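Engineer: Each chain is listed here by its residues.
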Amino acid sequence: MTAATRRPAPLVQHRAIALIACALLFACASAPPPKELVDARDAYRRAEAGAAAKMVPAELHVARESLDAAERSFGDAPTSWDAIDSAYIALRKAQRAEALGNAAVAVKAKEGSDKEARRAQQDLLLTTDAKLRNTEGALAKERDSLAKERESLAKEREATASERAARLAAETKAKDAMDALAKSLAVRSEARGTVITLSGGVVFATGRATILVGAQAQLNQVADALKTQAEHHFSVEGHTDNQGSDRVNDGLSARRANAVRDYLIVRGVSAAAITATGFGSSKPVGDNHTAEGRAMNRRVEIIVDKAP
Amino acid sequence: MSKPRSWSLALAIAALGCGGAPRPEARIASSQGAIRGAEEAGAEGVPQATLHLKLAQEQRQQALELIKSGDNHRADLLLARAEADAELAVALAREATAKAEAEKAAEDLETLKKRIAP
Numbered sequence: 022m023t024a025a026t027r028r029p030a031p032l033v034q035h036r037a038i039a040l041i042a043c044a045l046l047f048a049c050a051s052a053p054p055p056k057e058l059v060d061a062r063d064a065y066r067r068a069e070a071g072a073a074a075k076m077v078p079a080e081l082h083v084a085r086e087s088l089d090a091a092e093r094s095f096g097d098a099p100t101s102w103d104a105i106d107s108a109y110i111a112l113r114k115a116q117r118a119e120a121l122g123n124a125a126v127a128v129k130a131k132e133g134s135d136k137e138a139r140r141a142q143q144d145l146l147l148t149t150d151a152k153l154r155n156t157e158g159a160l161a162k163e164r165d166s167l168a169k170e171r172e173s174l175a176k177e178r179e180a181t182a183s184e185r186a187a188r189l190a191a192e193t194k195a196k197d198a199m200d201a202l203a204k205s206l207a208v209r210s211e212a213r214g215t216v217i218t219l220s221g222g223v224v225f226a227t228g229r230a231t232i233l234v235g236a237q238a239q240l241n242q243v244a245d246a247l248k249t250q251a252e253h254h255f256s257v258e259g260h261t262d263n264q265g266s267d268r269v270n271d272g273l274s275a276r277r278a279n280a281v282r283d284y285l286i287v288r289g290v291s292a293a294a295i296t297a298t299g300f301g302s303s304k305p306v307g308d309n310h311t312a313e314g315r316a317m318n319r320r321v322e323i324i325v326d327k328a329p
Numbered sequence: 004m005s006k007p008r009s010w011s012l013a014l015a016i017a018a019l020g021c022g023g024a025p026r027p028e029a030r031i032a033s034s035q036g037a038i039r040g041a042e043e044a045g046a047e048g049v050p051q052a053t054l055h056l057k058l059a060q061e062q063r064q065q066a067l068e069l070i071k072s073g074d075n076h077r078a079d080l081l082l083a084r085a086e087a088d089a090e091l092a093v094a095l096a097r098e099a100t101a102k103a104e105a106e107k108a109a110e111d112l113e114t115l116k117k118r119i120a121p
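Protein chains in written order, with the numbering used here: chain A, 22 to 329; chain B, 4 to 121.
Because the hints were derived from the structure by calculation, they are not lab data.
Bear in mind the structure is a predicted one, so any value in this text is a computation, not a measurement.
Virtual Cβ for every residue (Gly too), placed ideally from N, Cα, C.
There may be inaccurate statements among the hints.
[To be verified] To list a few chain B residues with every Cβ distance to chain A over 10 Å, as calculated:
1. His55
2. Ile70
3. Glu98
[To be verified] For lysine to aspartate or glutamate, the following DMTMM-like pairs were computed, each having C-alpha atoms within a straight-line distance of at most 25 Å:
4. Lys75(A) / Glu28(B)
5. Lys131(A) / Glu113(B)
6. Lys107(B) / Asp103(A)
7. Lys71(B) / Glu132(A)
8. Lys102(B) / Glu132(A)
9. Lys327(A) / Asp245(A)
[As the list claims (entries may be wrong)] Using C-beta positions, here's what the derived DEER-type ranges look like:
10. Ala120(B) / Thr181(A): 47 to 57 Å
11. Glu43(B) / Ala74(A): 52 to 62 Å
12. Glu43(B) / Ala52(A): 17 to 27 Å
13. Glu43(B) / Gly158(A): 52 to 62 Å
14. Glu106(B) / Ala52(A): 37 to 47 Å
15. Ala120(B) / Glu170(A): 31 to 41 Å
16. Gly40(B) / Gly158(A): 54 to 64 Å
17. Leu54(B) / Ala52(A): 42 to 52 Å
18. Pro78(A) / Glu43(B): 54 to 64 Å
19. Arg39(B) / Asp144(A): 38 to 48 Å
20. Asn155(A) / Gly40(B): 39 to 49 Å
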C-alpha cells in the first residue's frame, strides 16, 4: 500500500467518528420529552390562561421558574431522573398555581356576595324600619281617632242618659200634675186624649164670658198642669145647655173657650199649643130636660191631645 | 500523569459521585412540614387533595428508604416531589373550601333577595 492509498484511512476513520457523534447528538436532541414534562407544559399553559395570571401572579411565576428548570434538566440529560423529577415538580407547581388562582376567584366571589348581602340586608332593614314607622304612625292615628270616638260616644251616652232622665222627670212631673188635677177636677181619659172638664157655673156668671175670681185658683192649677205637658196640643172647647138660641149659645161658648185660652196663655201655657172652639149646645153630656143635666152641659173642656 | 496517579484521581471522583451527596436534612424537614400543613388545611376532606397528600406521604417514605441505602441524591429529588405534592394538596383544599364558601354565600344572597322581593 502506498502512502497515497494509505492516506485516506484516517480520513475515513474521522468521518465515521463524526457520523457516530452526529447520530448520537441527533439521538439526544430528538429524545421525546417525558410525560411529566408534557403534562407540566400543558398545566402551565392552563394556569397562565386561567385566573392565576391575574389573581396569583407570584405563584404563576414560581411555576414558570420550575418549568424552566425542568426544561433545562431535560436539555441537559433527557432521560435522567433529574429531568423526570423536575418536570414532575413543575407539573405540581403549575397545578398549584391554577388551584390557588381558582381559590382566589372564589374568595373574591364570596366577598362580592357577602358585600351585596350586607347591602341588601341594610336595605331590608331600612325598608322594614320605614314600614314599622308607618305602621306605628297609622296605629297612633287610629288610637287617637278611637279615643276621640270613645270620648264622643261617652258624651253621647251621657247626653242620652241625661235626656232620658230629663224626659222621665218631665213625664213624672206631668203625670203628677195631672194626678193632682184629677183630685180637684173632673179628669177623664178618652180616645181623643185626656179631658179636663170645668163646670161653666163655677168659672163664669150666667150668660157671661168673664172668668170669676173664685175660679182663678182652679184655672191656675190647670195652667200649671198643662205647662208640664210641653209636647202636647191643647184644645179648649166651650159648651152650653140648650137654653136660648143657638146663635147666642154658639157665641157664648166661643167667648168662654177663648177666655179660658187667654187666661191659660197669661198663666204661661204656649199660645201656639192651644186653640179654642165654641160648640154651643151641640155636644151635650147631660139631659137638657133636667136642671142637673143642663148644669153638666154648661162646661168648658180642655183636651190634652194624645202624644204628638 | 503517571498511571497510578490517574487511577487514584478517577477513584476519588467516583467516590464523590456515588456516596458524596449529603443527607438532605433540610428537605426531610420541609417535606414533613408541607405534609403536616396539608393535613391541617383539611386535605383529607377533599378527594383530589387526599390523593396528592397520599402521594406526598408515599414519596417521602420512599425517599427515607433511599437515604438508608445511601442514595441521598435521588432521595432529595423524591423529597422535593413529595413537598410539591403536599403543597398542591394544600392549594386544592383551599380551592375546595373557597368554592364551597362562595357557593354558600351566593345561595344565602339568593335567599335574601327572595325574601326582599319574593
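Engineer: Hint by hint, say whether it matches the structure.
Structural biologist: Structure-based check of each hint:
A beta-carbon of chain A comes within 10 Å of the beta-carbon of His55(B); the shortest separation is about 8 Å. The beta carbon of Ile70(B) is kept farther than 10 Å from every beta carbon of chain A, the shortest such distance being approximately 15 Å. Non-interface status of Glu98(B) relative to chain A is broken: a Cβ of that chain comes within 10 Å, the nearest being about 4 Å off. Between Lys75(A) and Glu28(B) the alpha-carbon distance is near 36 Å, which puts this suggested pair outside the 25 Å criterion.
Using a Cα cut-off of 25 Å, the hinted pair Lys131(A) and Glu113(B) holds, with the two alpha carbons roughly 13 Å apart. Note on Lys107(B) and Asp103(A): the hinted pairing is violated, with a Cα-Cα distance of about 44 Å set against a maximum of 25 Å. Restraint check for Lys71(B) and Glu132(A): the C-alpha separation of about 50 Å exceeds 25 Å, so the hint is violated. The straight-line distance between the Cα atoms of Lys102(B) and Glu132(A) is roughly 12 Å, inside the 25 Å bound, and the hint therefore holds.
For the given pair, Lys327(A) sits about 18 Å from Asp245(A) by alpha-carbon distance, which is consistent with the 25 Å threshold. The beta-carbon spacing between Ala120(B) and Thr181(A), approximately 53 Å, falls within the hinted interval of 47 to 57 Å. Roughly 28 Å separates the CB atoms of Glu43(B) and Ala74(A), a value that falls outside the hinted 52 to 62 Å. At about 41 Å, the beta-carbon gap between Glu43(B) and Ala52(A) misses the expected band of 17 to 27 Å.
Taken as a hint, the range 52 to 62 Å holds for the pair Glu43(B) and Gly158(A), whose Cβ atoms sit roughly 57 Å apart. Against the hinted window of 37 to 47 Å, the Cβ-Cβ separation of Glu106(B) and Ala52(A) comes to about 46 Å, which satisfies the hint. The hinted range of 31 to 41 Å is satisfied by Ala120(B) and Glu170(A), whose Cβ atoms lie roughly 38 Å apart. Here the CB-CB span from Gly40(B) to Gly158(A) is close to 60 Å, well matched to the stated 54 to 64 Å.
One distance hint, 42 to 52 Å for the beta-carbon pair Leu54(B) and Ala52(A), is violated here, with the actual separation near 30 Å. Under the hint 54 to 64 Å, the C-beta atoms of Pro78(A) and Glu43(B), about 26 Å apart, miss the expected range. Separation of Arg39(B) from Asp144(A) is about 46 Å and conforms to the stated range, judged on CB atoms against 38 to 48 Å. Taken as a hint, the range 39 to 49 Å is violated for the pair Asn155(A) and Gly40(B), whose Cβ atoms sit roughly 56 Å apart.
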